[in-house]
Amino acid sequence: MDRDRLLNIRNEKKPEIVEKLIRDDVVEIRAERVVLKGDYYKNQLRIALRNCDIINPFDIEEYIAFDGYFALYKALNDLSQREVVDIMKNSLLRGRGGAGFPTGKKWEEAFSFDADQKYIICNADEGDPGAFMDRSILEKDPHSVLEGMAIGGYAIGANKGFIYVRAEYPQAVKTLRHAIAQAKENGLLGEDIFGMGFNFDIELRLGSGAFVCGEGTALIESIEGHRGMPRPKLQRTAHVGLWGKPTIINNVETFANVAPIILNGAEWFRSIGTEKSPGTKVFSLVGKIENAGLVEVPMGTKLRDIVFDIGGGCQNNKEYKAVQTGGPSGGCIPKEYLDVSVDFESLDSIGSIMGSGGMVVMDENTCMIDIAKYFLEFSVDESCGKCIPCREGTRRMYEILELITEGKAEMNDLEELEKLSHVVSNTSLCGLGQTAPNPVVTTLKYYKDEYLAHIVDKKCPAKSCKALITYTISDRCIGCSICKKNCPVDAIDGELKKKYSIDNEKCIKCGSCYEVCPVKPVKAVEIY
Amino acid sequence: MEYKFDLEKNEVLLKEFKAFLSEIKKNNGALMPALQKAQELFNYLPKEVLKLISDELNIPLAEIYGVATFYSQFSFIPKGENQINVCLGTACYVKGAQSILEEFEKELGIKQGETTSDLKFSIGQARCLGDCSKAPVVMINSDIFPLVKKKDVKKILDNYR
Numbered sequence: 001m002d003r004d005r006l007l008n009i010r011n012e013k014k015p016e017i018v019e020k021l022i023r024d025d026v027v028e029i030r031a032e033r034v035v036l037k038g039d040y041y042k043n044q045l046r047i048a049l050r051n052c053d054i055i056n057p058f059d060i061e062e063y064i065a066f067d068g069y070f071a072l073y074k075a076l077n078d079l080s081q082r083e084v085v086d087i088m089k090n091s092l093l094r095g096r097g098g099a100g101f102p103t104g105k106k107w108e109e110a111f112s113f114d115a116d117q118k119y120i121i122c123n124a125d126e127g128d129p130g131a132f133m134d135r136s137i138l139e140k141d142p143h144s145v146l147e148g149m150a151i152g153g154y155a156i157g158a159n160k161g162f163i164y165v166r167a168e169y170p171q172a173v174k175t176l177r178h179a180i181a182q183a184k185e186n187g188l189l190g191e192d193i194f195g196m197g198f199n200f201d202i203e204l205r206l207g208s209g210a211f212v213c214g215e216g217t218a219l220i221e222s223i224e225g226h227r228g229m230p231r232p233k234l235q236r237t238a239h240v241g242l243w244g245k246p247t248i249i250n251n252v253e254t255f256a257n258v259a260p261i262i263l264n265g266a267e268w269f270r271s272i273g274t275e276k277s278p279g280t281k282v283f284s285l286v287g288k289i290e291n292a293g294l295v296e297v298p299m300g301t302k303l304r305d306i307v308f309d310i311g312g313g314c315q316n317n318k319e320y321k322a323v324q325t326g327g328p329s330g331g332c333i334p335k336e337y338l339d340v341s342v343d344f345e346s347l348d349s350i351g352s353i354m355g356s357g358g359m360v361v362m363d364e365n366t367c368m369i370d371i372a373k374y375f376l377e378f379s380v381d382e383s384c385g386k387c388i389p390c391r392e393g394t395r396r397m398y399e400i401l402e403l404i405t406e407g408k409a410e411m412n413d414l415e416e417l418e419k420l421s422h423v424v425s426n427t428s429l430c431g432l433g434q435t436a437p438n439p440v441v442t443t444l445k446y447y448k449d450e451y452l453a454h455i456v457d458k459k460c461p462a463k464s465c466k467a468l469i470t471y472t473i474s475d476r477c478i479g480c481s482i483c484k485k486n487c488p489v490d491a492i493d494g495e496l497k498k499k500y501s502i503d504n505e506k507c508i509k510c511g512s513c514y515e516v517c518p519v520k521p522v523k524a525v526e527i528y
Numbered sequence: 001m002e003y004k005f006d007l008e009k010n011e012v013l014l015k016e017f018k019a020f021l022s023e024i025k026k027n028n029g030a031l032m033p034a035l036q037k038a039q040e041l042f043n044y045l046p047k048e049v050l051k052l053i054s055d056e057l058n059i060p061l062a063e064i065y066g067v068a069t070f071y072s073q074f075s076f077i078p079k080g081e082n083q084i085n086v087c088l089g090t091a092c093y094v095k096g097a098q099s100i101l102e103e104f105e106k107e108l109g110i111k112q113g114e115t116t117s118d119l120k121f122s123i124g125q126a127r128c129l130g131d132c133s134k135a136p137v138v139m140i141n142s143d144i145f146p147l148v149k150k151k152d153v154k155k156i157l158d159n160y161r
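These protein sequences, in sequence, are chains C and S.
The opening residue of the first sequence carries number 1 in this note's numbering; numbering runs sequentially from there.
The opening residue of the second sequence carries number 1 in this note's numbering; numbering runs sequentially from there.
Mixed in with the good hints, there may be bad ones.
To be verified - Simulated restraints, written as ranges between beta carbons of each label pair: (1) S:109 x C:403: 28 to 34 Å; (2) S:161 x C:233: 47 to 53 Å; (3) S:146 x C:40: 15 to 21 Å; (4) S:28 x C:233: 19 to 25 Å; (5) C:117 x S:51: 50 to 56 Å; (6) S:160 x C:503: 52 to 58 Å; (7) C:40 x S:24: 42 to 48 Å; (8) C:319 x S:106: 29 to 35 Å.
By construction, these hints were calculated from the structure, which means they are not laboratory data.
Ideal Cβ placement from N, Cα and C applies to all residues, glycine included.
Only chain S is shown next, with the shape it has when bound in the complex (with noise of 0.2 Å):
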């Protein structure tokens, strides 16, 4: 799917990432808290921006593409305003995390990774929470829900639906 960063719509966004930009320009290693500044602004991290971070700390935009994709925070696709984590660490994972993702997949028929086309929700994997007393343990957003089971995934889904 494509998506276009509409600049009009994010003007005021826009407006608040450069005002950070040029705060945090002339500190050492600024780039990681640019990236992260943007995906939070814009949930995910548009063409454009990138190319706005490039010209303001003068970082060649192959270089910013390298450092993006290397960590799994930044996303180059918008994430749902609902961004679901099911926590996959090793508590979890022997409790049947695994069952619970795919639990969440069936339900809103997209795979891990993926955005539905309403931009409602998003699944992601984490790798641990920390929340390992309560595995499995599924985290949408900020919210925790600890000791999930198959058949509470529905439910947990309705609240946000």
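Chain C with its partners taken away, still in its complex shape (with noise of 0.2 Å):
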């Protein structure tokens, strides 16, 4: 592969790509960039995903008529390792997997440290609950990655790359592989890449189902094969990171960020954003909302635009209630600040993190304590048991909102859970314990009357868990008999044409009888 050849496929495949996506009425031209077209990606800005869903993933012809590879001739044609990295550390883009650390300052470290072998690592392991934009990257344009994780590898000074992919991704996986193997073949990874005398491999290695192994010390770990544990960091790893050699580990979204920054230089990349978190972030907004799906905008983006100009606002006319950010060591949002910047310092501020770029959004039926409930469950299950406050303060923590749940806790067991909360996450080891309190703090700041009311009251005022609330049938009852037919514990009584009743010291609060109950507009079946 040369310049010329990747001009040549540019300039012919690229008319004939686009004029078929044009006809197809799948994009359109704005601002002389190929766009998908449709109201939901009116108010975005792809540049990570810049290519998702326009190009097909199995062809590298078709990644290089949209720029694809210039990015690394660029880099190992015009600019030294120390220009590359200057330009990564002026365009002052932070790492998209959640903590926001600069790109170019990790990748100054590795650079400016002297070893016999480097490593690139790209994190793969996407593991928070509710995002999705990394598998999207890798399935619909795995070269972005490739092409990034190459740059890096330039700048450091690494010839070997890994790909640490979550074992819930098979088509992730499948697509790299061929990836991969086309780039080799078309001299683009491997050996003396562009005949330039730069060689980098990139080598796939899987998880097997280990949150934590999001980590990063604890991703190095599983690649040796242990178990995946956090090391404490006494070094950072761009110094002794994998097998004991200075490592960079980056997330997909960030590598796919790399080759637009490197064509198109830092200025640019600073133009769009906010001053301290420049570029765009992708979202996948998900929940009880509208409009589904990934969101890529300017970081600095209000939330109310993201959930209710593009997102379409909650399911069904109900009311918001929250979104939550982060997973599970994020927080939620609640209605009054729905006017945040959403951007990695005024997301802290309110004691949510921008995180991988979850947004789970929550309406009027949703139970705050259930959801913290439901994370503290995934840190008790995910942890990995090295540092104790995390191994047995989350569980502590989850056996509180247990019984609050349930109607069992009283006003002390609030005060045990905050002051829990600020044990766990001041003495853990890893991100992991540290941030895990922060669904049960947010809840706790925004939702406290739903705190109270579960354990003052024995009430849920979202009428979800299960102990607090009773099923009845009210006179709308039409005595159809259908509720009869569905209860799996025979709790419902009555006759044909007359009112039913339910027996509350059989009913299980399956919730089938309000399922299934035809009496419009509002069901005969009542939750209290």
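Reassemble the complex: the two chains are provided individually, in unrelated frames, and hints are given to aid placement.
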């Protein structure tokens, strides 16, 4: 492969592809860029997702047609390692995996550290429930990640890269395998890339279902063949990482941003987004939302614009209650903060985090204590068990939340819960433990009245906690007997064409009767 | 339930596995790929296979056991011919995935993490299958079922019975 061939492929293929996509009514040309068509995409600016749903991920030439591998050529041909590092530093790109550490700074650390062997790792262990942006990039535009990794390898002086993909993404593994093989065939990975003496090889490593392996040092342990337990941070992984060698770990979305930055420059990137968080961020907007899907917008976009303008608000005209960002490490954002600007600093300041970009929308029927309990259960399950605050603390917190949702808690349990949150976040070894209490802390902060309703009144305002609700049948009942037929425990009694009733002693609160009740517009089965 | 690993019946697979081991033996960090391959070939990690890995890679059995128990994808009982994974990620959870899981458990008469006695089905849970815009999602083997409702469960299972 050389520059002429890259140019030839681009000139030949691009018009063909674009013409076909326009014919199929998939894309339109906006500001000289080929973008996906439709209202959902109108307010988006796609950099990391630039090729997703536009190119065929199994055809490397389609990637090249959309400027693919031109950045790698530019880096190898025109720029020194130092210059690549400087461009990344000046771009102020921050890690998209969640913590937001400046990528260029990370690269500089590894670049300036002398070693006989260095490694680049792509963290594709996307574990946050509710986040699927990395999976989409891997499955729809794998070469953008490979190119970003190769540029990173050149910059820091590494000739070997690993992609650590979670086992739950078989399609992503398949796409990546194919992409790596194609890149090697075309001399874009492997020995002597572009004939310029740079070697870079990428190997796939699979996770095996451990959330904590998304943490950098745990991921390294896992690749080395150990239990995925985080290491104490005595040294930076940029100095002492995989097999003791300097190692850079970046997230999928971070790597997908590298090529456009090298091609268009740091200033261009900084012109998008906010001063401290430049560029765009991909969010997976899911949950009880009208238009669920991936959204890529400039940093600093208002949460309201994402949820309502792009997402179309809550489903079935229900009232918005919260957005949960950052997965098990994040928090819930209430209505009052819908105008918050979505960037690293602003989300931090209201107690949530950017995280990897999951945005789960909740409506009036979601119980916030149940959600906090859900995330705590996740952390309890996924805690690696190495340090005590996380292993034991999260479990005790979970037990208290369980008491609350069962209506068995007292006020002093709430104090205990607050105290434990403090201890766990201050004394855990890695990010998992340090952030595990966040869902509790933010719900306690913004939805304390719901906690009080559970504890004092023994009521669940969202009518979701089984122990605190009762089902009854109102006078609207038309006596159709459908509920009786569907009740799994024979708790419903009555005669045809007459009002039925529920025996609360027998009722297991499965909700079947409510689901099947045909009375409209308001169901005859009521929940209290 | 006790499961006995049939060495004779698995002879071909064992041969394939041994070839795989000798191929990756020299690589750094060969244990995870070895365990993953074993799980894929035998549907679980039989003691006999773990001993083989220990001998070939020169890693103590205790250490292998430590690693294997750490990761949720590895199992020590055979997984069913059809593996059901009900996604319990956040998006699926708020859309009622828990009750879908319970429906599968009820239909098959086993709990999550178990295998039916005819080895036809096993139920697992997935943290997030990454198909959140189609929540709640169920994955059987590698087929994805989007927007699953409780009443669909029986129908879905019938495809595999």
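How the hints compare with the structure:
1. S:109 x C:403: 28 to 34 Å: Given a distance of about 31 Å, which is inside 28 to 34 Å, the answer is holds.
2. S:161 x C:233: 47 to 53 Å: holds, 52 Å
3. S:146 x C:40: 15 to 21 Å: holds, 18 Å
4. S:28 x C:233: 19 to 25 Å: holds, 23 Å
5. C:117 x S:51: 50 to 56 Å: violated, 33 Å
6. S:160 x C:503: 52 to 58 Å: violated, 37 Å
7. C:40 x S:24: 42 to 48 Å: Holds, at about 45 Å.
8. C:319 x S:106: 29 to 35 Å: Given about 33 Å between the Cβ atoms, the range holds.
Violation of the numbered hints given earlier is confined to hints 5 and 6; the remaining hints are satisfied by the structure.
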